[in-house]
Amino acid sequence: MRRSYKRSDFVKLERGKFYAEVARGTSVALIEPAIAKAFPTSRAINEALAGLLALTEKTSRITRRSVRTRVKTARAN
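Numbering of the sequence shown is given in our numbering, commencing with residue 9 and proceeding in unit increments.
Keep in mind that a hint or two might mislead.
The list that follows gives simulated cross-link-like pairs (lysine to any residue, SDA-like), each with its CA atoms no further than 25 Å apart [to be verified]: (1) K25 with N54; (2) K66 with K45; (3) K25 with A44; (4) K45 with L57; (5) K66 with I53; (6) K66 with R51; (7) K20 with R10.
Derived CB-CB ranges, DEER-like [as the list claims (entries may be wrong)]: (8) P41 with I70: 31 to 39 Å; (9) K14 with T34: 28 to 36 Å; (10) A62 with L21: 39 to 47 Å; (11) T67 with F26: 34 to 42 Å; (12) T34 with S12: 18 to 26 Å.
What the hints contain is simulated information worked out from the structure, not anything from laboratory work.
Given the structure is predicted, the values throughout are model-derived calculations rather than measurements.
Even for Gly, the Cβ is constructed at its ideal location relative to N, Cα and C.
Starting from the given sequences, assemble the full structure and let the hints guide the process.
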């Protein structure tokens, strides 16, 4: 980055370019080129992430410990 900029450095700026997306609550994320190659559309990315979330919810139930404490019962001999 430069120490300072001139207005002429920003000739391609457009006021409010992403206003509609921000107003709708859309988030913009930058992804690595390898990820973009594997998931070329936002729909593909969203489906993959939704699947990952569903998988983590299912597996968290499997690995979650019981809240109840087990009481050892004394065996009479």
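Results for each hint:
1. K25 with N54: Given that 25 Å is the threshold and the Cα spacing comes to 23 Å, the pair holds.
2. K66 with K45: 28 Å, violated
3. K25 with A44: 23 Å, holds
4. K45 with L57: 16 Å, holds
5. K66 with I53: Roughly 20 Å between the alpha carbons, so the hint for K66 and I53 holds.
6. K66 with R51: Roughly 23 Å separates the two Cα atoms, so the pair holds.
7. K20 with R10: 18 Å, holds
8. P41 with I70: 31 to 39 Å: At 35 Å between Cβs, range holds.
9. K14 with T34: 28 to 36 Å: 31 Å, holds
10. A62 with L21: 39 to 47 Å: At roughly 40 Å between Cβ atoms, L21 and A62 fall inside 39 to 47 Å, so the hint holds.
11. T67 with F26: 34 to 42 Å: Once the Cβ atoms are compared, 36 Å apart, the range 34 to 42 Å for F26 and T67 holds.
12. T34 with S12: 18 to 26 Å: 32 Å, violated
When held up to the earlier numbered hints, the structure conflicts with 2, 12 and fits the remainder.
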